[in-house]
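K.L.:
Sequence:
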Amino acid sequence: MTTDLTSKVSPDFLTVLSQAVAFYQGQTNQRPSAESVVDALLQAEKAAKQQRLTYAFEPLLGKWRLCFTTGTKKLRKRGGIVLGKGFYMPKLTPAHISFSAASQEDKNLGKGAITNSVQLSPIFLKFEGLAQYLGKKNLLAFDFNRIQLQLFGRTIYSGNVRGGKVQAANFYNQSIAKLPFFAFFLVTENFIAARGRGGGLALWIREH
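One point on numbering: in the working numbering, the residue at position 62 of the sequence shown is 62, and numbering is uninterrupted.
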């Protein structure tokens, strides 16, 4: 079953996640508790599975800022995975993820590039690599093959990760089972949510 973004999503947990996004963006002083955000993410994930929602690759394209995330510490079990309490990302340490495709054909095939970066002033760290999106499973597999490190805005290192050029050449021939991935269960115009291979949950906000 395909879906038009949020058309099949329960308004209850959408309200909580929308409030979390609005708070993080400074649009409101009402901050949903970390526990309520974790619960909303789990409800969204459950609804996506029950309704067999699928999302296309194209709505994921763009730059997204990490708003909220959970760890996998042994604090409590949720949905068969041991999750941490979850926390809002500190605004002073912005972390971004971005997805892009070189052509319409690549979009249709789910082939693209991924960038993951974090600013720990004065340090800026960025990873780049390739991504493969499996629309029927809402699964985005990826592998980083380039790394860049900046200090006070000056690049002090830029190079391959673990023989990046060879990995890049063979990326689309690799088994998805051997790659890190995000399993997306909520994709809207303004925010997206996914579970990582390690079991943690994450909520990102679109950067305009």
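Don't read these hints as lab results, they were simulated from the structure.
It is possible that some hints are incorrect.
Derived pair list, reagent style DSBU-like, types lysine-lysine, alpha-carbon separation capped at 30 Å [unchecked claim]:
#1 LYS178 to LYS49
#2 LYS136 to LYS91
#3 LYS85 to LYS107
#4 LYS85 to LYS111
#5 LYS49 to LYS136
#6 LYS178 to LYS126
#7 LYS107 to LYS178
#8 LYS126 to LYS85
#9 LYS46 to LYS63
#10 LYS178 to LYS85
#11 LYS46 to LYS136
#12 LYS85 to LYS46
#13 LYS111 to LYS63
#14 LYS136 to LYS111
#15 LYS178 to LYS137
#16 LYS111 to LYS49
#17 LYS63 to LYS49
Label pairs and their calculated CB-CB ranges [said to hold, decoys possible]:
#18 PRO122 to LYS46: 40 to 48 Å
#19 LYS137 to LYS63: 19 to 27 Å
#20 GLN51 to PRO122: 19 to 27 Å
#21 GLY198 to ALA34: 26 to 34 Å
#22 LEU109 to GLY153: 35 to 43 Å
#23 GLY153 to LYS63: 13 to 21 Å
#24 GLN30 to ARG154: 20 to 28 Å
#25 GLU189 to GLN104: 14 to 22 Å
#26 LEU61 to GLN27: 44 to 52 Å
Virtual Cβ for every residue (Gly too), placed ideally from N, Cα, C.
K.L.:
Going through the numbered hints above, which ones does this structure break? Give me the numbers in ascending order.
P.N.:
2, 3, 4, 20, 21, 24 and 26
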